[in-house]
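Enquirer: Sequence:
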Amino acid sequence: MRSWGLLKIVIVGLVWTGTTVVLPVVDTGLPWHIDLFFFGLQRFVLVLILMIPFEIRDRKADSRELYTLPQRYGVRPTQWIGYLLILFLFVLTFMRSRFSEGEVLVRLGLSLFLFVLIYFSRNQSGRYYAGLLVEAVPIFYCAALWWVLYGLN
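The UniProt record's numbering applies: residue 1 is where the sequence shown begins, and numbers increase by one.
Treat the hints with care, as some may be off.
Derived pair list, reagent style DMTMM-like, types lysine to aspartate or glutamate, alpha-carbon separation capped at 20 Å [what the hints assert, rightly or not]:
1) Lys60 x Asp27
2) Lys8 x Glu65
3) Lys8 x Glu135
4) Lys8 x Asp62
Don't read these hints as lab results, they were simulated from the structure.
Sequences are here, hints too, so could you generate the full structure?
Expert: Structure representation (C-alpha cells):
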C-alpha cells in the first residue's frame, strides 16, 4: 500500500473511520443522524492529520513515483495542509447538534498539540517522534475525552 501515494492516506482514513465509527454504529443498531456523520468526518480528518508526520518523515525513503503530499508539494506546504485540516477538525466540533464545553476544550488542546507535532515534523525526525509520540495521540485523546465526558460527574 506504500506504493499508492496520496490514495494511501485516504484509504487508511476510510478504514479507520469504518472500523471505529461505522462498524460500531451498525453493530449497536444506532439510527444514523447528522451528528454521526460529523463524528465520522472528524475521525477521518484526524487520521489524515496523523499521517502527515509519517509522510514527511518517509519523504526521502519513498520512491519518487509515489506522489505523497511532501513529494508533490514539499514539506512546508504539506505542513500548511495539516494546519488547515486541524482547523477544519476543530470547526467540525461545532457542526454537531450537541457538544459540551469540556469536549470543546479537549478538542482545542488536541488541535494545539497536533499543530506542534506537524510544526516539528522534519525529514530527519527521530524514529520515536512519529513512531511513539504521534501514535500515542489517539490514546491520550480518547482518555481526555472520556475523562471530560464521564469522569467528571
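Enquirer: The structure should be examined with respect to each hint, and the outcome stated for every one.
Expert: Going down the list of hints, with the structure as the test:
{"no.": "1", "hint": "Lys60 x Asp27", "result": "violated, 42 Å"}
{"no.": "2", "hint": "Lys8 x Glu65", "result": "holds, 13 Å"}
{"no.": "3", "hint": "Lys8 x Glu135", "result": "holds, 17 Å"}
{"no.": "4", "hint": "Lys8 x Asp62", "result": "holds, 13 Å"}
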